[in-house]
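Q: Here's the letter readout for the chains.
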Amino acid sequence: MRCRPRALTFLVAACAAALLSGCAQPADEEPIKPLPPTEGRVDPGLGPEARPLSSGPGYKGSPSWSPGGERVAFIVDGYVEDRTVDGERLTRWTTKDFAAAEAEWTADGALTVLGGAGAVEGRPGAVYRTDPEDAGSLGVEEISEGVLAMAPGPEREDVVLAIEAGGEESAISLLRDGRMERVYTGTVPGTVTGACASPDGHSVALAVRAPGDDSPGELRVFDLQSGEGRKLFDLDEDRGILGAPQWTDHGIYFVAGMVSPPEDEGEPLYDLYRAAPEPGRPEQAPGVGEDFVAGGISVSPDGDRLAVVGRLNPKSPLNLYVLDLKTGTLDAVTTNEDMEIKTGPDDLAWSPAGTSVAIVARSASAGEPEVHAAPADELLDAFYNLYEVPIMNSTPPETSP
Amino acid sequence: MRETALWATAAALAFLVTAGAFLVLANLATGSLADDLPAAPARGKSGPALDLDLNRSRLASLQPEADQELLLTVENAGNSDFSNVNLTLESSPGDTADPRTRYYRRTLQNLRSGESVEVSFLLDLHRPARTPDAPPAPDKRTEILEIRATTPEGVSVVRTAILPL
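Read top to bottom, the protein sequences are chains A and B.
Each residue of the first sequence is one higher than the last, beginning at 14 in this note's numbering.
Each residue of the second sequence is one higher than the last, beginning at 756 in this note's numbering.
The reader is advised that the hints may include incorrect statements.
[As the list claims (entries may be wrong)] If you want a taste of the chain A side facing chain B, the calculated C-beta under 8 Å gives, among others:
| # | residue |
| --- | --- |
| 1 | Pro70 |
| 2 | Gly71 |
| 3 | Lys109 |
| 4 | Ala184 |
| 5 | Ser186 |
| 6 | Glu381 |
| 7 | Pro382 |
| 8 | Ala387 |
| 9 | Pro388 |
| 10 | Leu392 |
[What the hints assert, rightly or not] From the derived model, a few chain B residues whose C-beta atoms are all more than 12 Å from chain A:
| # | residue |
| --- | --- |
| 11 | Glu820 |
| 12 | Pro854 |
| 13 | Arg860 |
| 14 | Arg861 |
| 15 | Pro907 |
Hints in this document: simulated from the structure, not taken from any laboratory.
Cβ coordinates follow ideal geometry from the N, Cα and C atoms, glycine included.
Please work from the sequences and hints to get the whole structure.
A: Set out below in structure tokens:
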């Protein structure tokens, strides 16, 4: 066989040209191809069973399920809305300039809302209550001002409030049916930044910023029957508790880390801890692994599972996990690669039956203009929206006959 | 020696041919995916009779200031002419608590089948703080442009552009 150098050269050049054309980037001047309408489709990373609970623009957060599980309330750009899970009805509960920070549904069908300009700026806000008989009126009743944190009780009949008491102290009070049921005379030294009722409703765990400290590094327990509190531990300097602790039958879980990390260290890394409700040092929560980076956490209604938004390690994607507190098993509920799941301490919520978790997510933004072939109100992953993610292998709690 | 060179050349050629074939196949696959995701079809009509194209670099160049020119191309991709095409553009902040939505309108006349027309909108994207004590928006500022084209014949198309500003 004879080799033909010219033919060979031509072939090599042709293949190289094909390679180069395949690697070339499209011209920047091209019109942007619109992304297709979502039509209820959810990013596969959130799971095929995930379904949207909201749509359209708006910075959403603080989901809270109604006691029957048929509605979900949430905050959008500072105002409060709720939507039926079938998407049939949307109700706005406050004016758009309300500056709400947190909304919790109570057993009587009303929403307790912590808000006001003060709450947004890190100062105490006020607590308001909506009128469940007058949906859509945008009228709310102010219950108390100077509120640092609030936590619904186990059956959502009570709401525990931590209130500014002056002199760097906090007071605890109990709200029932929109009225102050009890105001405790014993105070908590420091500023309460997060609260969670115990499973039996007799006590409340408090994240506290001690007088003179910059970050909430103390965990305290306040007995709602005796009105007395005690300190469980202090975290190391510069470390603080993120959001509210979660009190379970298996201990008090909380997320903590350096509150103000140096800017060059990038995203702050928070760890998940467990503490006994008695004075003593906390331990890293068993089951999640040493490298786990935790964001928001929420205990299930049965008290045996903890929903955690986090990363298996600092370089892995954000996902929703469920930690079985009895076995210490961590299960990934989502296998997300492309969505930004909100990691705020109040950005996830269990359904009352414990069969699904509401999270807030959007597609990762490249910081460039996007064009979609649908009206803005119908878009899902272009904006932060709420999704109901079913928790597989979960059994609803047994109902008493 | 010559045989070794021949073998080496043949091996390189085989690699290039295979790699080229894979790249061509990959490009074909990408093309077919794009074909699977057409623009929203016009309501009541089969196929995208009316289309709106937004220019990538023009969108990226918009600033949060007054007098920003947005160019878009309206195309009649159907088989019949349109006597009028009404264009409405709704410009609203990504912060839905901010009620300051701005509306713009244009009308095109006699858009013939197969014809494309470039349309310009002069937008005011300047948004000063609503009130001195308004709480800061927690998310990055975006502007949402919702553009609708409708015809008296009942054909319509909508595009939503999300601009990080």
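Q: Could you check that no beta carbon of chain A comes within 12 Å of the beta carbon of arginine 861/B?
A: With a cut-off of 12 Å, arginine 861/B remains clear of chain A, as the shortest Cβ separation is near 18 Å.
Q: Any Cβ of chain A at or closer than 12 Å to arginine 860/B, or is the non-interface label fine?
A: holds (17 Å)
Q: Take a quick look at glutamate 820/B and tell me if its Cβ sits farther than 12 Å from every Cβ on chain A, holds or violated.
A: holds (16 Å)
Q: Does the nearest C-beta of chain B fall within a distance shorter than 8 Å of the C-beta of proline 70/A?
A: Given a least distance of 5 Å, the restraint on proline 70/A holds.
Q: Grab the minimum C-beta distance from alanine 387/A to chain B and call the hint holds if it beats 8 Å, violated otherwise.
A: Hint on alanine 387/A: holds, closest Cβ of chain B at ~6 Å, below 8 Å.
Q: Would the hint on lysine 109/A stand, with a C-beta cut-off of 8 Å toward chain B?
A: This interface hint holds because 4 Å falls under the 8 Å limit.
Q: Answer holds if the nearest beta-carbon of chain B is closer than 8 Å to that of glutamate 381/A; otherwise answer violated.
A: OK, holds: glutamate 381/A within 8 Å of chain B, min 6 Å.
Q: Say whether it holds or is violated: proline 907/B keeps its Cβ farther than 12 Å from all Cβ of chain A.
A: Label holds. Min Cβ-Cβ 21 Å, cutoff 12 Å.
Q: Against chain B, run the beta carbon of alanine 184/A and see if the smallest gap drops under 8 Å.
A: violated (26 Å)
Q: When you look at the beta carbon of proline 854/B, is every beta carbon of chain A farther off than 12 Å?
A: violated (7 Å)
Q: Answer holds if the nearest beta-carbon of chain B is closer than 8 Å to that of proline 388/A; otherwise answer violated.
A: It holds, given that the least Cβ distance between proline 388/A and chain B is near 5 Å, below 8 Å.
Q: Quick check on serine 186/A please, does its C-beta sit within 8 Å of some C-beta on chain B?
A: violated (26 Å)
Of the numbered hints listed earlier, those contradicted by the structure are 4, 5 and 12.
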